[in-house]
Every structure is written in structure tokens, then in C-alpha cells.
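Chemist: So you can see what is in the structure, the chains are spelled out below.
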Amino acid sequence: MATIQVDGRSYEVDGKDNLLQACLTLGFDLPYFCWHPALGSVGACRQCAVKQYRDADDTQGALVMACMVPAADGSRISIEDEQAREFRASVIEWLMVHHPHDCPVCEEGGHCHLQDMTVMTGHSRRRYRFRKRTHRNQYLGPFIAHEMNRCITCYRCVRFYRDYAGGEDLGAFGANDNVYFGRHREGVLENEFSGNLTEVCPTGVFTDRTHSERYTRKWDLQFAPSVCHQCSVGCNISPGERYGDIRRIENRYHGEVNRFFLCDRGRFGYGYVNRDDRPRRPEWHGETEETVTLDVDEALDRGADALREARRVIGIGSPRASLESNDQLRELVGQANFSTGIAEREQVCLTRMRRLNRDAGLPTPTLRDVESHDAILVLGEDLIQSAARLGLSVRQAVLARRERLAEARGIPAWNAEAVMTLAQDARHPLFVAYPTATGLDDVADRCLRQAPDDIARLGFAVAHAIDVKAPAVEGIDESTKATAEHIAETLLAAKRPLVISGGSLESTAIIEASGNIARALATRGRRGGLMLVRREANSTGVELLGSRPLEWALDELTRGAADAVVVLENDLHQRLPSGRVERALSAARTVIVLDHQRTSIWERADLGLPAASFAEGDGTLVSLEGRAQRFFQVFEPRYHRPETRIHQGWRWLQALRASLKRRAVPDVTLDAVTRDCARHHPALAGIVEASPSADQRVSGLKLARQPHRYSGRTAMRAHLDVSEPRPPQDPDTPFTFSMEGYYGFDRPRREVPFAWAPGWNSPQAWNKFTDEVGGHLRGGDPGVRLLEPTEDIGDYVNEIPPPFTSGVGEWQVVVLPRLFGGEETSSRATPIMARAAAVRLHLSEEDARRLEAEEGDTLVVETSLTRLSLPLRVDTTLPSGLVGVPAGLEAALVTGDRAWLSLAPEGEEEPP
Amino acid sequence: MTANRYRCRLHQAAHERRLEMHPLTWWLRDDGERVGLDEYVAKDGYAVVRQVLGYQRPDEVIETLKAANIRGRGGGGFSAGVKWGLTLKGEDMPRGYLVCNADEMEPGTFKDRLLLEQAPHLLLEGMILGGYANDSCFGYIFLRGEYVTAARAITRAIEEARAAGWLGRDIAGSGFDFDIALHTGAGRYICGEETALINSLEGQRANPRAKPPFPGQSGAWGKPTVVNNVETLCNVPAVLRFGAEWYQGLSGERSGDGGTKLYGVSGKAHRTGLWELPIGTTAGELLDRAGGMRDGRSLKAWLPGGGSTGFLLPEHLDLALDFDTIGKTGSRLGTGLITLVADDQSMVALVRNLEKFFARESCGWCTPCRDGLPWTVKLLRALERGEGRPGDIELLEELAEDQGPGKTFCAHAPGAAMPLASAIEYFRDEFERGIARPGKDDVVPDGPLSTSEA
Ligand SMILES: Cc1cc2nc3c(=O)[nH]c(=O)nc-3n(C[C@H](O)[C@H](O)[C@H](O)COP(=O)(O)O)c2cc1C
Ligand code: SF4
Ligand code: SF4
Ligand code: SF4
Ligand code: FES
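Protein sequence lines, in the order shown, are assigned to chains U and D. Using the numbering used here, count along the first sequence one by one with no gaps and you end on 919. Using the numbering used here, count along the second sequence one by one with no gaps and you end on 840.
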């Protein structure tokens with residue numbers, strides 16, 4: 008703590024901060040550009056100038072850049088000083104010299120930091136009368152639009168892209184007043200976090216291209232606090248809606264999870280919500296092949312009738328649906344008839360992971376906390392592909408060594424360039440064991456490219472090297488042993504070692520190996536962490552419901568033990584071989600599907616009930632961290648499309664249950680179903696607390712989903728009805744579908760639909776909601792953690808597989824997760840499809856040579872279940888004997904399967 | 387005078403120079419050829435290396451340097467000894483680098499070139515001594531790319547010194563290892579700023595670095611790094627040979643600073659070129675040595691030490707050319723090579739030309755410099771064409787004020803602001819003549835400026 012004086016008044020601040028951080032934390036409106044809470048200070052823009060005085064006798068003072076001066080005890084500064092104010096206004100004037108002033112047609116307008124700062128400094132008249140410098144723009148791919156003329160040369164983009172996210176294909180070119188930020192030549196930005204440029208850039212150079220097509224100002228968007236559904240990390244998002252479509256996804260600050268950044272799948276993968284072909288009304292697919300759309304009552308009646316006639320109804324849940332929906336399905340069909348909808352091999356992994364979260368002796372860190380670990384071992388995950396935002400945190404953990412070294416030499420952590428200079432390529436140790444190259448290899452100490460079983464063996468060997476009581480690996484070769492010992496020593500030497508593993512390779516052996524390492528570290532008294540990656544947004548939560556896997560459900564149907572099935576938000580074809588799915592569905596007399604996508608299952612259902620996506624519904628998800636988080640409905644779909652009959656899965660299922668019992672459909676609310684779910688599952692008891700209930704009020708008000716400047720409300724439905732209806736009511740949440748309600752920042756609240764504070768329209772407004780810049784939300788970070796370790800450390804597991812050997816003429820399949828194209832829903836969004844790389848089979852150089860195949864040749868891969876032809880990608884990092892297949896392509900290909908490869912006969916085309 | 391035979395001229399013949407009086411140029415030949423290793427050694431060169439390495443402790447060397455108070459000849463005037471003393475070294479510190487700043491791109495400055503082309507071994511000797519004092523593991527000479535003759539001379543000298551054991555392992559049996567490499571720049575003025583220089587040396591963009599930390603704490607590749615100007619380093623051997631007192635005595639009563647200075651004159655004088663004179667020599671004496679103004683011109687103003695220093699008037703001619711004396715006028719000594727402005731030269735055009743250089747050479751890192759200087763240039767051009775508007779001069783003053791020390795990220799913009807502010811101060815009427823008369827000037831100037839012009 009330090010005491011500083013600002014304009015004559017004393018304040019307590021964190022002496023480790025710089026003056027800018029201190030002032031912003033104190034709530035002063037001090038303008039800035041190049042500083043960013045996650046990127047630190049570089050002193051380039053000169054916008055944050057304040058007057059600093061040596062002591063009480065110094066009346067002259069000198070201008071300093073607040074971001075470059077430590078908030079040392081006894082500092083005296085003035086923000087209001089005339090010279091400082093004038094200088095800050097001049098800086099804006101210079102920045103505006105070349106700026107096109109095209110706010111009316113600029114997509115940053117209305118959430119633009121440059122606008123905010125310009126207004127804040129009072130620069131309102133242009134004195135520059137000469138010609139402006141102009142630039143040419145580049146095509147940067149499907150996600151990001153580029154308008155370089157708006158650039159104010161703050162260098163934030165390259166600092167985020169290169170220094171923070173590890174990207175290489177964005178740079179600063181040129182000098183003087185002609186600096187260009189772009190790629191060395193036009194092309195798709197390669198980094199998986201490129202979307203953050205739209206928020207990092209303080210002006211409209213990098214904007215969201217997916218939003219551009221149907222653009223709406225921030226103040227005209229309706230927002231809700233939501234949670235990304237595109238992987239298991241659980242990043243918080245603010246989706247913005249207008250006219251019944253999601254127009255863009257913004258980062259929603261969460262002090263322990265995503266903080267300032269999202270991955271591109273999460274930000275740009277929302278397009279499935281807006282698809283034209285989405286089911287919007289119940290559909291009855293009769294024998295006659297003709298599809299009939301129904302109203303709700305009719306649909307419920309037909310559904311209830313069909314279920315009533317059935318001998319036994321199976322319910323198939325989904326790891327991409329909320330806990331509430333899954334639980335309501337379970338209520339409908341009964342525990343004995345409920346399946347999680349997760350394939351067995353995955354569910355086994357999930358169960359093992361859940362146990363390890365409890366009994367491996369090490370807690371699961373939050374993403375923020377990941378960044379304070381100082382040695383990391385990743386077993387069997389390519390984090391950038393499987394849990395991207397976590398991968399970004401791991402990168403920061405590894406780079407944090409630089410800050411430690413700098414601190415030891417008196418260089419504060421915020422002095423970004425100085426920290427990088429001093430520490431050069433110093434890194435905290437990171438070891439990555441994975442079959443092929445991963446997105447973190449560039450900062451890794453060692454990359455071990457191994458087959459899944461060998462990764463597990465390495466892990467077990469590491470555990471044994473840490474604690475001899477952990478089972479030893481038989482027949483381990485000397486070099487693996489040495490590697491394991493080196494990793495063990497490194498983890499033991501660390502203050503906070505972290506083990507990361509997960510289900511990507513669907514290997515329980517790998518998971519248990521990571522568990523053994525965690526136990527060994529805990530046994531040796533290390534304050535480490537264990538992070539286990541799950542696949543989907545609610546994999547962790549649905550596993551906690553504790554039910555049987557999908558295979559069981561299909562088998563019950565196939566063997567006639569049940570004759571009806573209700574499938575919740577789950578395209579079964581993505582999980583198990585189509586034949587098996589089809590056999591089961593054909594055997595059922597009644598198939599009811601709830602989904603928000605027109606999947607192949609939907610098409611063949613008897614009754615389809617249009618479920619809400621995250622945008623139209625609310626519910627609770629549990630992230631990989633074991634954090635239960637609520638997502639809230641962004642908009643009411645009927646308001647703009649009155650014909651729509653979309654409801655949350657849980658609402659449909661509640662209603663169906665009532666209809667089945669010939670009762671009137673009750674008015675259920677989110678709070679009630681959440682409470683039910685918590686009551687039914689002791690492990691989920693905490694979820695009620697995950698966020699405030701519907702009766703929360705701030706200053707006696709509900710919370711507004713729409714900014715107070717929301718315009719056009721009275722006109723936007725005029726083409727449907729000249730009289731404006733009452734805005735939809737929301738019994739489920741504390742939010743209103745209107746601008747009426749509380750939207751301020753000064754009363755702490757946990758769930759913030761959109762960040763706005765007077766004078767702060769850009770994402771920088773989040774600084775007004777946190778206890779300190781980059782800290783925690785003043786109202787508390789959302790969610791509750793459900794999976795804390797117990798006191799008892801479980802026994803070591805001894806399931807060490809034999810080493811991998813490649814059979815002659817035989818390969819082992821490894822399915823490789825993909826950020827773009829590897830996930831069910833986001834793959835239905837056009838920009839993600841455009842960004843997904845062409846699918847290829849990965850084969851080692853040696854194996855390609857053996858097959859006499861070259862890059863691009865079509866290869867046929869055959870397993871006992873399927874046959875597929877794909878072009879070859881020679882992967883110099885893949886061990887021989889493995890064949891890598893991109894995820895999301897063919898459910899019948901499973902990691903560990905045996906496969907046979909051959910060159911496709913002349914003329915055999917690759918599939919579309 | 388063909389382009390490749392052009393030499394910066396030293397106007398003191400060999401017979402006029404003595405080692406004790408001309409420690410920098412005594413070594414030079416009258417024919418202007420490079421002094422090779424044999425000649426240098428024959429003149430007792432490298433004797434100081436033999437004398438010091440292994441016989442004096444590095445901290446003793448630094449004490450001598452501090453006492454001599456060689457003020458940085460790159461223009462900053464910071465004591466080399468103090469800088470070396472502040473450079474981190476010792477048991478728990480990695481060995482760092484010694485960098486010679488030979489980027490000499492200051493307008494009107496050509497002194498380092500003389501030493502680089504003709505006495506490269508003197509520089510190497512100074513660097514070896516500096517490396518020893520600072521426990522540096524390696525030395526770099528960052529040379530202005532256009533100095534091809536100097537590059538050849540240095541390359542040759544490094545080879546010779548290496549072959550003779552003055553560079554490499556265990557120099558002169560002292561146990562001290564040190565080697566030097568030449569790095570030729572790609573032609574940016576900002577690469578002369580020591581931290582931008584280091585970035586450029588590392589292969590990064592030539593943006594300056596934030597200070598603190600100073601290079602002595604965390605410089606090239608994060609290691610403690612000393613950056614000194616060529617002339618500064620060339621003073622070191624003599625200081626260590628004859629002692630601090632001798633060095634201090636060289637300037638006699640003329641100045642509080644010690645030693646000699648390689649002074650020079652450019653502009654419309656009879657004889658332009660270089661003189662090694664005691665520091666504190668007056669500009670008037672320099673002008674005399676230069677034979678006065680040529681073509682019947684009289685002196686209107688002069689720059690004391692390069693384009694980034696403030697203009698002075700004829701009335702300042704009898705001030706001692708040293709850091710403190712010139713500093714008191716509001717200008718700076720800079721490199722100490724004076725530029726003469728004749729009475730028929732337009733101050734507006736001259737300043738516009740200078741500012742155009744500074745605008746172009748801005749690294750583009752910080753706002754006042756990057757976006758303020760081009761604006762300055764455009765205003766000056768408007769004045770030059772008689773298209774100025776009322777308020778333009780005040781705006782120029784405001785811009786110059788906002789580019790002052792502390793307001794920009796490095797000293798480039800304050801340097802650029804100096805000639806502008808002083809020219810307006812002393813020759814305001816010339817600027818006022820550029821303001822268009824009311825009635826005819828209400829049009830935005832056509833014939834827009836291209837980016838390359840600004
Ligand atoms: C824009 C700019 C250009 C500079 N150019 C040079 C240069 O060409 N040569 C030089 O020695 N110093 C130059 N300097 C000064 C250096 O930053 C540094 O102070 C000097 O090299 C230190 O050496 P010294 O203490 O021996 O003078 C420049 C400074 C600035 C701000
Ligand atoms: S593109 Fe944006 S982030 Fe990058 S330098 Fe320009 S204004 Fe800053
Ligand atoms: S990391 Fe996962 S949760 Fe976070 S934005 Fe990306 S897809 Fe969404
Ligand atoms: S003053 Fe700023 S823009 Fe100019 S050269 Fe220095 S750092 Fe670069
Ligand atoms: S924010 Fe301080 S200089 Fe840019």
C-alpha cells in the first residue's frame with residue numbers, strides 16, 4: 008500500500024501499480040490509449056500525462072506519463088492541472104490529424120475508446136488544415152475487417168497479437184507518421200485469438216466482420232450476461248441482439264475466468280443462432296413424409312400422446328444443454344431411463360476426471376490462477392485447439408517468468424517492454440506431450456510427440472519419479488526415464504507446479520497418469536494445481552448428474568427394451584457411428600427431439616420441439632474448472648418473429664411432463680427448475696448460488712438488458728403491428744427486455760449484461776466495474792465452484808498401458824481436436840466454416856514414404872467401422888504408426904482404433 | 387573532390403599536433419590514409435591496454451575516468467566515468483556489452499567519421515579499455531550505413547587487432563577476453579539514440595526504450611550495456627595514459643570541462659572542416675580559423691552542435707563552446723560542430739528543411755513527435771510559400787513547446803523543437819512575412835503535400 012496525493016487529496020493505492028492504474032482504480036477519468044490492463048505500459052501515446060510534484064514545496068511540477076511512473080508512496084500529482092489538461096487535449100488533436108473522422112460510418116462508433124477519450128479531453132475543433140495520410144486496407148479473413156486510416160498508432164494490436172497471444176503474422180511496418188499495422192501481405196490472420204483485436208484496438212481499425220454484415224450500434228443492441236457454449240472453459244460473454252438475431256459477441260469481464268479475452272471460436276461461432284433453417288416451430292414428421300408445423304398445445308398433446316402410448320421412454324440428455332434442461336428430461340423419463348447422451352469412452356474419462364478433481368489432492372485453478380503457476384506439464388492436450396482460452400492463460404503463466412526476473416531487478420511488472428528486454432526468452436518451464444505439434448510449442452521447454460499410450464507411460468513415470476510409492480513403469484526406456492525424471496525435478500522445484508490433462512485423446516490412462524502426478528505432488532506437499540479439460544460447455548455438469556452413457560440408451564432401443572426416446576439438444580450422429588444411431592432410432596416407435604438446430608436427428612424425429620439456444624434461453628453450465636455459471640436469455644424470439652414457438656428445453660420438458668400427466672402446464676420459472684436440479688443432485692446443490700435469483704433488484708430496479716440510449720423501439724415492430732406491444736416480461740431473471748432498469752456501474756452487481764459508465768462506452772468501461780483495474784468485479788465474479796478437493800488423497804492408480812508399437816501395415820487413429828470445425832454448433836456458423844482448415848489425414852514422413860504417398864494425395868483410411876478418403880498432410884511431428892484425423896469429421900473414427908491405409912485408386916474423389 | 391575520395395578535413399597538419407595536446411588526432415596522417423596496426427603500434431598504440439589490463443582493477447579505471455570527467459561527445463554531455471560506474475557488473479551479474487555509437491547522422495556533424503576512417507585502432511583501444519572497465523563480454527560498433535570507407539577501415543582494423551592478439555581471448559596475457567564486431571546500420575537517424583540503437587542491433591524495430599531501466603541496468607539482450615560515442619571512447623586511452631589531471635588541464639581556463647573537442651564548421655565559411663581544440667574554445671575562434679564567412683556574406687545565426695540544437699546569434703560567438711556555457715543560452719552544445727547561417731539564407735526555409743528531416747526520421751512511437759512534426763513541416767511550408775494564416779506562428783510555438791523534454795518518449799522531438807523554437811524567437815519577423823495578407827488567403831492550399839514531403 009502507498010499513499011498518494013491527487014489534486015490535493017490523499018488516497019491509499021497499491022504501490023505496485025503505476026499512477027495510471029492507481030488513478031483509474033480510484034475512479035478518476037484519466038484518458039489513455041497504449042496502456043491496457045493486460046498488456047501493461049509502454050509510454051507511447053502520451054495521453055495519460057499528469058503533473059507530478061517533487062514535494063510539498065514544488066509548485067512548478069513536471070509533466071509525466073502516469074502509466075510510466077510508479078505509484079510510489081508520497082507521490083503528488085495533479086490530473087486537473089491546466090498544463091496537463093492542455094497537453095492531453097493536444098495529444099488527441101495530434102492523434103486526430105490523420106484520423107478520418109468517419110464515426111457515422113465507422114463500426115467502432117458508439118463503443119469507441121477514441122471517441123470517449125476525445126470527448127473526455129474536450130478536443131472538439133480541428134486546426135490541422137492539410138492533407139491527411141491514407142493507407143490501403145487488407146483482407147484479413149472471415150473474422151476481422153481492417154480500416155487502417157483510423158489507426159492512432161498506439162501499438163496495442165501488435166502487442167496483444169504478438170507479445171500476449173504469440174501470433175506472428177501481424178506486425179508494425181514503416182516509421183514516422185506512416186506506420187502500418189497489418190500482415191506482411193493480405194491473408195487470413197492465423198492466431199486463434201485475433202478477435203480480441205476488435206476490443207484491444209481503441210478505434211475502428213479492427214472490427215468484427217461477422218457483425219458488419221448486419222451492423223448495429225452498441226447502444227441499439229440488447230445484451231444479457233451469458234456464458235460461451237463453444238467449449239468447456241466457460242468464458243463469460245455479452246451477446247448483442249437486434250431484430251431477433253445475435254449481431255456480435257463481446258467479451259464479458261470475469262475476474263477469474265476469461266478476464267479481457269475470448270478465443271475466435273467463442274467470439275465468432277455464434278452464427279448457428281441466426282441460421283435461417285433453424286426450427287422455430289414444433290414440427291411433426293408424419294408417416295406421410297409431409298412435415299406439419301404445430302402450435303405449442305398441439306405439439307404437447309401429440310408428444311404426450313405418443314409418450315403415453317409407449318411402453319418405456321428413454322431420455323437422452325446432452326453436454327451442450329443446460330443442467331436444468333437435462334434435469335427436466337431426467338424428471339420426465341425417470342432416472343432409470345435417462346442417459347447423459349455422452350459416448351461411453353468419453354463419459355468414462357469425465358468420471359475419472361471428476362474423481363480426480365476431488366481426490367487427487369490438488370485443486371483446479373481458475374484461469375487467472377493458472378497464470379501464477381511456474382511449471383506446467385500438459386499431458387495429451389493441444390490446449391489451443393481443445394480449450395483455447397486456457398491455452399492463452401498457460402502462455403501467460405510461462406511468460407510470467409519474465410516479470411519475476413524483472414521484479415528482482417526492480418523493474419515493475421507493468422513496464423512491459425522493459426520486462427521483455429530484461430528477461431529475453433526466459434520462460435517458466437512448460438512440457439507438452441501430445442501426438443503432434445501443438446499451439447503452445449513455441450513457448451515450451453520440451454515438446455514430446457508421442458502416441459497416447461506413451462504419453463500415459465511418461466506421465467506415470469513422472470509420478471513415480473516424484474514419489475517412489477507411485478507405481479513404476481515397467482520396461483521403460485532410458486531416455487523416457489530421463490525425461491520423466493527431468494520433468495519431475497522441474498515440477499518439484501517449482502513453487503506452484505500445474506498438471507494439465509483431459510479427455511481429448513479419450514485415454515483414461517493419460518488422465519490417471521496426470522492424477523498420479525497430482526497425488527505425488529500433493530503427497531510431497533506441493534501447492535500445485537490439476538486442470539482437466541473437458542470437451543463441451545456442460546460436459547462437467549452433465550457428468551455430475553450421474554447417468555448412463557449414450558450406448559446404453561441406444562442399446563435399450565435397439566433391443567426393444569424401450570420404444571420411445573426423447574433426445575435433448577444432441578446430434579447423436581456426432582457421437583457414435585451412424586449405423587448404430589440409426590438402428591436405435593429406427594427401432595423406436597416414437598422419437599422426440601428438442602433442439603435449436605436442424606440436425607440429422609431432428610429431420611428424422613416424429614416430433615421436433617424448437618429449443619432455445621443460449622441466446623433465447625437461460626440455464627446453468629458447469630465449466631472445466633467446476634464452476635457453475637448461469638447464462639441468461641438475450642432476447643425474446645417471439646417479439647420480432649411472432650410465429651416463433653421457441654422455448655428453453657427445460658420449459659418444453661416441464662410442459663411435456665404436465666401434459667403427459669394431463670395436468671395444466673404450470674408457470675415454471677428458471678429459479679424453480681434450478682432449485683429442483685440442485686435438490687435432485689447433492690453434487691449440484693451449489694448451483695442455486697451461481698447467480699442472483701429473479702427477484703434481485705438494484706436500487707429497487709430490475710436490470711436493463713438494453714442501454715439507455717436504445718433507439719427505435721417504438722418503430723421496430725411497426726411492419727408487424729402499428730401499436731407497440733408491451734415489452735416481453737421476464738419471470739425467469741432479474742433482467743428486463745427493455746432499457747428500463749438499472750444499468751449503472753456504481754452499485755456493485757455480479758451479472759452485468761453490458762458495460763457502460765458515463766463517458767466510457769467502449770469495452771474499457773469494464774474498468775469501472777472492477778475493484779481494481781484488471782481485478783475482480785466489485786459485485787463478485789459470477790459462478791460457484793463445485794469441485795473442490797477433499798482432504799483424502801486417493802490411492803495411486805496402476806493402469807499403465809504397454810508401450811505403443813505400430814503393427815506392420817497398420818496404424819492407430821488419433822482424433823485431433825480442432826478449434827474451428829471440431830465443435831458441433833459453431834461448425835454451423837459460416838465464418839467458422841470459412842476459417843476451418845481443409846481436412847487432411849496426418850501421417851508421419853516415414854509412413855507417407857512407406858505408402859509412396861505425397862502431400863495432397865488422397866488416402867483411404869479404413870477401420871472396422873468405416874472407410875474414408877482424405878488428402879494427405881505429411882506431418883513431420885507425428886510419430887510413425889499413428890494416423891491423425893481432424894475432429895468433427897466422422898464419429899466412427901475413434902482415438903485408439905486400428906486403421907489400415909492405402910493410396911486411393913485413381914479417380915476416387917475426396918468427399919465434399 | 388570525387389565522391390569516394392571526399393575526406394572530412396582536419397585543418398591541423400601533423401607537425402602542428404602533439405599527443406599531449408591532441409590526444410584524438412595526433413595519430414592521424416597528413417595524407418588522410420587509415421593508420422594501420424603497424425603504424426599505430428609504432429606510435430605506441432595499444433600501450434595503454436598493456437599497461438592497464440591486469441594491472442589496474444576495473445573500478446580503478448572507472449575512478450580515473452570519473453575524475454577526468456569526459457563528457458559524452460554524442461551530444462548528451464553525460465560523464466563517461468559516471469555512466470560506467472552505474473553500469474551493473476559483478477559476481478551475480480551476467481557480463482554485458484560495450485557499444486560504440488558510430489551512427490553519426492546529426493545534421494552538420496562529421497567528426498566521428500574522421501576518427502573512424504583514419505584512426506580505427508584508437509577507437510578499438512578505447513573500446514577494449516571500456517570493455518575491461520565494465521566487464522563487458524563483447525563490443526559492437528554501430529556504424530552509420532553510409533560510412534562505407536569507415537566500415538572498411540574498421541573491418542580491417544578488427545582483423546588486424548584480432549590477429550595481433552589485441553582482441554580475442556586473454557588479451558595481452560591479462561586473462562581478459564573481449565572481441566568486437568561491426569554492425570552497419572540501415573540509415574535511420576533514430577538509431578543514434580542509444581536505446582533505439584540497441585533495439586536495432588538486436589534486430590528489433592528502431593524504437594527507443596523506456597528509461598529507467600537504463601542500458602547500464604538492462605541493455606542489449608537485457609544485459610548491462612554501455613553505449614558511448616566514438617569521440618568519447620577515443621579519449622579513453624590518453625586519459626588512462628596521462629591521467630585525469632592532465633586531461634582536466636587540457637582546457638586550461640577556458641572551461642570547467644576537461645580535454646579537447648573535435649570541433650568543426652560547416653556553412654558559408656571560407657574553410658569548413660575540423661579542428662581538435664581545447665574544450666571551451668569559442669565559436670568566434672572557430673570562425674576565425676575557418677577564415678570567416680565567404681562570398682561577402684555576414685553571419686546571421688549559427689547552430690552550436692548539429693540540427694537538433696537551438697540557433698544562436700553573432701552576439702553569442704565569444705561564448706565558450708562547452709556543455710554548461712552553451713546550455714545556459716537555452717541551446718545545447720550538441721556535437722560541437724557549428725553550422726553557420728548567412729544573412730541571405732531564409733530561416734523559414736532552413737528550419738523547414740531541418741524539421742522535414744526530423745519528421746521523416748521520427749521513429750513513429752510517440753504521438754507528439756510522430757504526428758506533431760509533420761504538421762510543423764506543413765505549417766512551415768505554408769509560411770515559406772506565403773500561405774500562412776494568422777495563428778500559425780503561435781501554433782508552431784505551441785507544437786515546439788509540446789515536443790519539449792519529458793513530453794515525448796525520447797530526446798528526438800525535443801531536439802527537433804530546439805531550432806524551431808529558437809528561430810521563431812530570434813527571427814519572428816521572417817516567419818510573420820509568411821502569413822498571407824488578409825483577403826487573398828482564405829483558400830486551403832492546393833497542390834497538396836505528398837506523404838513523402840512530410
Ligand atoms: C535522436 C537522437 C540521435 C542521436 N544520435 C547520436 C549519434 O548519431 N551518435 C551518438 O554518439 N549519439 C547520438 N545520440 C546520443 C545517444 O543517445 C547517447 O546519448 C550517446 O551515444 C551516449 O554516448 P556519450 O555519452 O559517449 O555521448 C542521439 C540521441 C538522440 C536522441
Ligand atoms: S490498429 Fe488499432 S490497436 Fe493497432 S496501433 Fe492502430 S489504433 Fe492501435
Ligand atoms: S475458450 Fe471456449 S469458452 Fe472461451 S471463448 Fe473460446 S470456445 Fe468459448
Ligand atoms: S520522440 Fe517519440 S516518435 Fe520521436 S523518435 Fe523519440 S520515441 Fe520516436
Ligand atoms: S497510456 Fe500512458 S503513454 Fe499511453
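Hints should not be assumed to be uniformly reliable.
Said to hold, decoys possible - Below are the SDA-like pairs computed for lysine to any residue, each with C-alpha atoms no more than 25 Å apart in a straight line:
id : chain 1 : residue 1 : chain 2 : residue 2
1  : U       : K139      : D       : G772
2  : D       : K597      : U       : V71
3  : D       : K597      : U       : V791
4  : D       : K714      : U       : D65
5  : U       : K139      : D       : K686
6  : D       : K597      : U       : A415
7  : D       : K742      : U       : I86
8  : D       : K686      : U       : V71
9  : D       : K714      : U       : R169
10 : D       : K597      : U       : K139
11 : D       : K686      : D       : D729
12 : U       : K23       : D       : I821
13 : U       : K139      : D       : I821
14 : U       : K23       : D       : P776
15 : D       : K597      : U       : R169
16 : D       : K714      : U       : V71
FYI, nobody ran anything at the bench for these hints, they're computed from the structure. Values in this document were obtained by computation on a predicted structure and should not be read as measured data.
Chemist: Hinted pair, alpha-carbon criterion (25 Å max): K686(D), V71(U). Please report holds or violated.
Modeler: Roughly 37 Å between the alpha carbons, so the hint for K686(D) and V71(U) is violated.
Chemist: Do the alpha carbons of K597(D) and R169(U) lie within 25 Å of each other, as the hint requires?
Modeler: With a Cα-Cα distance of about 23 Å, the restraint between K597(D) and R169(U) holds, given a limit of 25 Å.
Chemist: Given the proposed pairing of K139(U) with G772(D), does the C-alpha separation stay at or below 25 Å?
Modeler: Holds, at about 21 Å.
Chemist: Can the restraint linking K597(D) and V71(U) be considered satisfied, given a maximum Cα separation of 25 Å?
Modeler: Status holds; Cα separation ~13 Å.
Chemist: Taking only the CA atoms, is the gap from K714(D) to V71(U) under or equal to 25 Å?
Modeler: Cα-Cα ~24 Å, so holds.
Chemist: Can the restraint linking K686(D) and D729(D) be considered satisfied, given a maximum Cα separation of 25 Å?
Modeler: holds, 5 Å
Chemist: Given the hint that K597(D) pairs with A415(U), does the C-alpha gap stay at or below 25 Å?
Modeler: Distance ~17 Å between K597(D) and A415(U) Cα, so the pair holds.
Chemist: Between the alpha carbons of K714(D) and R169(U), is the straight-line distance 25 Å or under?
Modeler: The hint is violated at about 45 Å.
Chemist: Taking 25 Å as the top limit, are the C-alpha atoms of K23(U) and P776(D) close enough?
Modeler: The given pair, whose Cα atoms are some 48 Å apart, is violated under the 25 Å limit.
Chemist: Keeping to a limit of 25 Å between CA atoms, is the pair of K139(U) and I821(D) held or broken?
Modeler: Roughly 22 Å separates the two Cα atoms, so the pair holds.
Chemist: Straight-line Cα separation of K597(D) and K139(U) no greater than 25 Å?
Modeler: violated, 32 Å
Chemist: Would the pair K742(D) and I86(U) pass a check requiring their Cα atoms to be no farther apart than 25 Å?
Modeler: With Cα atoms ~34 Å apart, K742(D) and I86(U) exceed 25 Å; violated.
The structure fails hints 3, 5, 7, 8, 9, 10, 12, 14 (numbered hints given earlier, in ascending order).
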